[in-house]
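So the protein lines, in turn, are chains V and U. So the first sequence is numbered by our numbering: it starts at 1 and just counts up by one. So the second sequence is numbered by our numbering: it starts at 1 and just counts up by one.
Check before you lean on any hint, since a few could be wrong.
What the hints assert, rightly or not - In silico BS3-like links for lysine-lysine, alpha-carbon gap of 27 angstroms or less:
| id | chain 1 | residue 1 | chain 2 | residue 2 |
| --- | --- | --- | --- | --- |
| 1 | U | Lys214 | V | Lys78 |
| 2 | V | Lys44 | V | Lys78 |
| 3 | U | Lys196 | V | Lys122 |
| 4 | V | Lys81 | U | Lys214 |
| 5 | V | Lys272 | V | Lys482 |
| 6 | V | Lys125 | U | Lys196 |
| 7 | V | Lys44 | U | Lys214 |
| 8 | V | Lys363 | V | Lys380 |
| 9 | V | Lys72 | V | Lys19 |
| 10 | U | Lys214 | V | Lys108 |
| 11 | V | Lys135 | U | Lys196 |
| 12 | U | Lys214 | V | Lys122 |
| 13 | V | Lys117 | U | Lys128 |
| 14 | V | Lys81 | V | Lys128 |
| 15 | V | Lys108 | U | Lys196 |
| 16 | V | Lys268 | V | Lys320 |
| 17 | V | Lys320 | V | Lys272 |
| 18 | V | Lys279 | V | Lys227 |
| 19 | V | Lys162 | U | Lys214 |
| 20 | V | Lys49 | V | Lys78 |
| 21 | V | Lys135 | U | Lys214 |
| 22 | V | Lys175 | V | Lys272 |
| 23 | V | Lys49 | U | Lys196 |
| 24 | V | Lys72 | U | Lys128 |
| 25 | V | Lys128 | U | Lys196 |
| 26 | V | Lys117 | U | Lys214 |
Since the hints were derived computationally from the structure, they do not count as laboratory data. This one's a predicted model, so the numbers in the text were calculated from it and none came from an experiment.
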Amino acid sequence: MDRPILEMRNISKSFNGVKVLHDVNFSVNKGEVHALMGGNGAGKSTLMKILTGVYTADKGEILIEGKPVSIKSYEDAKANKISMIFQEFSLIPTLTVAQNIYLTRESKTPLGLLDDKENARKTEKLLKELGVDIKPSDIVQDLGVGYWQMTEIAKALSQEAKVLIMDEPTSSLTKRETEVLFSFINQLKEKGYAIIYISHRMDEIFRICDRITILRDGRKITTEVIKETTLDTVIQHIVGAEFDKLFEWVERDVPTDVPPAFEIRNVKAGTKVDDVSLKIQPGEIVGIAGLMGSGRTELLRTIFGIDPMDSGEIYVNGKKRNIRSARHAIDAGIALIPEDRRLQGLVLQHSVKDNIILPILSKLKKGMLLDNKKATEISKRLVERLNIKTESIAKQSGLLSGGNQQKIVLAKWLANDPDVLLLDEPTIGVDIGAKTEIIDIVRELAASGKAILVVSSELPELLALSDRLLIMHEGRIKREIKRKEIQSEEELQYAIQGY
Amino acid sequence: MQSRDIRVTGPSLLHSIKSFQWRDYIVYLAFVGVLIYFSIALYDEGFLTTGNLLNIVRQTATISLMGLAMTFVISTGEIDLSVGSIAALSSLTGALALQSGFGILGGLAAGVGTGLAIGLINGLLVTKAAIPSFLVTLGSMGAVKGMAMWITDTAPVPIINDRFNFIFGAGDIGPIPVLLLWVLVFTVIAHVLLRKTSFGRQTLATGGNENAAKFSGVNTARIKLLVFLGTGLMAGLSGLLYAGRMNAGRFSFGEGDELSVIAAVILGGTSLFGGVGTIIGTVVGALMIGTINNGLIIMGLDVSQQMMIKGLIIILAVMFGKKAIKK
Numbered sequence: 001m002d003r004p005i006l007e008m009r010n011i012s013k014s015f016n017g018v019k020v021l022h023d024v025n026f027s028v029n030k031g032e033v034h035a036l037m038g039g040n041g042a043g044k045s046t047l048m049k050i051l052t053g054v055y056t057a058d059k060g061e062i063l064i065e066g067k068p069v070s071i072k073s074y075e076d077a078k079a080n081k082i083s084m085i086f087q088e089f090s091l092i093p094t095l096t097v098a099q100n101i102y103l104t105r106e107s108k109t110p111l112g113l114l115d116d117k118e119n120a121r122k123t124e125k126l127l128k129e130l131g132v133d134i135k136p137s138d139i140v141q142d143l144g145v146g147y148w149q150m151t152e153i154a155k156a157l158s159q160e161a162k163v164l165i166m167d168e169p170t171s172s173l174t175k176r177e178t179e180v181l182f183s184f185i186n187q188l189k190e191k192g193y194a195i196i197y198i199s200h201r202m203d204e205i206f207r208i209c210d211r212i213t214i215l216r217d218g219r220k221i222t223t224e225v226i227k228e229t230t231l232d233t234v235i236q237h238i239v240g241a242e243f244d245k246l247f248e249w250v251e252r253d254v255p256t257d258v259p260p261a262f263e264i265r266n267v268k269a270g271t272k273v274d275d276v277s278l279k280i281q282p283g284e285i286v287g288i289a290g291l292m293g294s295g296r297t298e299l300l301r302t303i304f305g306i307d308p309m310d311s312g313e314i315y316v317n318g319k320k321r322n323i324r325s326a327r328h329a330i331d332a333g334i335a336l337i338p339e340d341r342r343l344q345g346l347v348l349q350h351s352v353k354d355n356i357i358l359p360i361l362s363k364l365k366k367g368m369l370l371d372n373k374k375a376t377e378i379s380k381r382l383v384e385r386l387n388i389k390t391e392s393i394a395k396q397s398g399l400l401s402g403g404n405q406q407k408i409v410l411a412k413w414l415a416n417d418p419d420v421l422l423l424d425e426p427t428i429g430v431d432i433g434a435k436t437e438i439i440d441i442v443r444e445l446a447a448s449g450k451a452i453l454v455v456s457s458e459l460p461e462l463l464a465l466s467d468r469l470l471i472m473h474e475g476r477i478k479r480e481i482k483r484k485e486i487q488s489e490e491e492l493q494y495a496i497q498g499y
Numbered sequence: 001m002q003s004r005d006i007r008v009t010g011p012s013l014l015h016s017i018k019s020f021q022w023r024d025y026i027v028y029l030a031f032v033g034v035l036i037y038f039s040i041a042l043y044d045e046g047f048l049t050t051g052n053l054l055n056i057v058r059q060t061a062t063i064s065l066m067g068l069a070m071t072f073v074i075s076t077g078e079i080d081l082s083v084g085s086i087a088a089l090s091s092l093t094g095a096l097a098l099q100s101g102f103g104i105l106g107g108l109a110a111g112v113g114t115g116l117a118i119g120l121i122n123g124l125l126v127t128k129a130a131i132p133s134f135l136v137t138l139g140s141m142g143a144v145k146g147m148a149m150w151i152t153d154t155a156p157v158p159i160i161n162d163r164f165n166f167i168f169g170a171g172d173i174g175p176i177p178v179l180l181l182w183v184l185v186f187t188v189i190a191h192v193l194l195r196k197t198s199f200g201r202q203t204l205a206t207g208g209n210e211n212a213a214k215f216s217g218v219n220t221a222r223i224k225l226l227v228f229l230g231t232g233l234m235a236g237l238s239g240l241l242y243a244g245r246m247n248a249g250r251f252s253f254g255e256g257d258e259l260s261v262i263a264a265v266i267l268g269g270t271s272l273f274g275g276v277g278t279i280i281g282t283v284v285g286a287l288m289i290g291t292i293n294n295g296l297i298i299m300g301l302d303v304s305q306q307m308m309i310k311g312l313i314i315i316l317a318v319m320f321g322k323k324a325i326k327k
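Sequences are here, hints too, so could you generate the full structure?
Structure, rendered in structure tokens:
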């Protein structure tokens, strides 16, 4: 076999004294599609950021075709024939395909003016070679997302890239677009390009990858030939042996003889939510598991009235509610803790108190004015109850840690005393201590009789919280599993990958 | 056979009507509409005479010229509110240079230099200090206007150099106003610059998606600095053209021009969000605003009525263009 086109040797990296990569070795051959896998925080993206010059490794070396190279910026990476295929960031939507591919590298006429005909001709040739069915004159924003990616790849190849990094390339693609991309990847493979393929979707990896490298907790666990391994082995390597004690599940009694606190029937919305029905008893926690792009977030957004619902019905405590905006949802007693708290959950410039009372302003009136005393009282009580670490409720919320910010988001909705709580990735980006606290708070809320729906990519968290799990795939609920029927994280992982 | 032909062409014709980029042409259609309306309604009042039409060109020349440069600024997703104030100050610095005996070139250098200097400051504040251009130029709009009032204590500075006045605005070569030539020359330059040079392409890329442009190797800070130098330059030149046409520098020149200029650019089809720009559209947008002004004056409407109708037409035109794009 040829010498690898790319080798990363003994790569180590720390952030603020925390080691996130430990002596990682990774190599890719010509004409190979190499999968890079691992759970959240395993170190995949840090490793790739070192390869593309976003970070510099503390230790270790990178070799291209056997020669050591120094990569300190994205330009260095490109000069060394490494190209990252960004999902949506590196094309100019308002320019044409040809203009995008040759941006800053355009052919010029003898007068120094842009030679658009020549650029279009070169683009046409390139697209033909690659078998991509788009015109050089197509404006990028008019093309489907799948073609964005191919334009992006064409652009990378026009710059002589030999190693392409693809991060979850199919997450925003339809089934058909995915097929087109895969046949495209196979062609690239035959032409000798090397592809690093990052994905959580096992079916895709088993279909198009040649080898797989698995990282866990910043260490390389193994590199295996796909044909000689099984789904079970891969899942085991990703999950690891130890099961986090912190997230142990406690079986709870959920009353089944009362009517459900929350129910949706045949909800459809756009292309991502397809005929979903579910019921939640008062005091019950239901977890939704599924891959990225399976429609989990969109389902919550639809229930909360942010995304328009095409058809379907929503019932809260047996009463049908017509929800067309977040205001309607809040009035119906539903609260959403969104995925990206910095963008959607908090006004970071505002104080802890101002954030907490935002959803209940109309209830805090004293005549025409805001009842400041009551607002302070409620905020103080919640800060205490949720153990939010802040010197005062007047402190700017943006200055607190991620875990405490997330607790403020929780507090904000608890102030409103909702009946139904929708949680989207409730502990994302939160340290382990705050994580267990948040999990405890959610359990407490359930114990007080609220119906809770949780979406999370962190399986230990889902297993710790849920009384019942729904597996979502391509916008549909494919399977329902009682928590007590699941023995291990592997089982759940298997259920998710089973489609 | 025949019915088959119809079936083949039918949908494609329908498709081409649907996919026709209304937004791109709306300003031309509206302009033609306005011209036709005034030509008929004001035929007896002499709207359609060569003299009146050239008058419209004279009145809109400075708006067009500043609009050319503003097209670049808006294409990068930025804005420059200081152009009117720069024109005022440049008319004075140019006139003062002439008064002090520096000659035509001295006056040109003073006026244009003033514009470039302010453009440079605007550009540096936007790129280096990372202050939003709206705030930077809102500030410089006021500061520069103040400077224009201060340097001569609001007194106008007369220009007695007839050659200067001829070249910069007042002159006619045969029937053709010199101002028309200025506009023609710079329109061609700006069009080529935007469509045919890497500077123009990178300007559009910067406004289309700044991050992506950076990743593609575009020095977006440099591009932004250059477009602000551009509006400074053209506003400085426009100040000199005001001065030449009126035979004096005056602090009140260019007052409110920033709004007309921005309106002309947006009417022309340049996107306020950046990434899409058209030079010809801008010039037609400026001419349309000028034509409306001219027609309303001939109709005998007073200034307040003119302002109301002009505002309404601009909103309608932009609204219609937007609706068309959604369909």
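Status of the hints after comparison with the structure:
1. U/Lys214 x V/Lys78: holds, 14 angstroms
2. V/Lys44 x V/Lys78: holds, 20 angstroms
3. U/Lys196 x V/Lys122: Since the Cα atoms of lysine 196 of chain U and lysine 122 of chain V sit roughly 17 angstroms apart, the hinted pair holds (cutoff 27 angstroms).
4. V/Lys81 x U/Lys214: Distance of about 18 angstroms is within 27 angstroms: holds.
5. V/Lys272 x V/Lys482: holds, 25 angstroms
6. V/Lys125 x U/Lys196: holds, 22 angstroms
7. V/Lys44 x U/Lys214: holds, 24 angstroms
8. V/Lys363 x V/Lys380: holds, 17 angstroms
9. V/Lys72 x V/Lys19: With a Cα-Cα distance of about 20 angstroms, the restraint between lysine 72 of chain V and lysine 19 of chain V holds, given a limit of 27 angstroms.
10. U/Lys214 x V/Lys108: holds, 21 angstroms
11. V/Lys135 x U/Lys196: holds, 20 angstroms
12. U/Lys214 x V/Lys122: Between lysine 214 of chain U and lysine 122 of chain V the Cα gap is close to 23 angstroms, so the pair holds against 27 angstroms.
13. V/Lys117 x U/Lys128: violated, 37 angstroms
14. V/Lys81 x V/Lys128: Distance of about 22 angstroms is within 27 angstroms: holds.
15. V/Lys108 x U/Lys196: OK: lysine 108 of chain V and lysine 196 of chain U at ~9 angstroms, within 27 angstroms.
16. V/Lys268 x V/Lys320: holds, 16 angstroms
17. V/Lys320 x V/Lys272: holds, 23 angstroms
18. V/Lys279 x V/Lys227: violated, 42 angstroms
19. V/Lys162 x U/Lys214: holds, 22 angstroms
20. V/Lys49 x V/Lys78: holds, 13 angstroms
21. V/Lys135 x U/Lys214: Distance of about 25 angstroms is within 27 angstroms: holds.
22. V/Lys175 x V/Lys272: Measuring from Cα to Cα gives roughly 12 angstroms; hence the hint holds.
23. V/Lys49 x U/Lys196: violated, 36 angstroms
24. V/Lys72 x U/Lys128: Judged against 27 angstroms, a Cα distance of about 23 angstroms means the pair holds.
25. V/Lys128 x U/Lys196: Roughly 26 angstroms separates the two Cα atoms, so the pair holds.
26. V/Lys117 x U/Lys214: holds, 25 angstroms
Checked against the numbered hints above, the structure breaks hints 13, 18, 23 and satisfies the rest.
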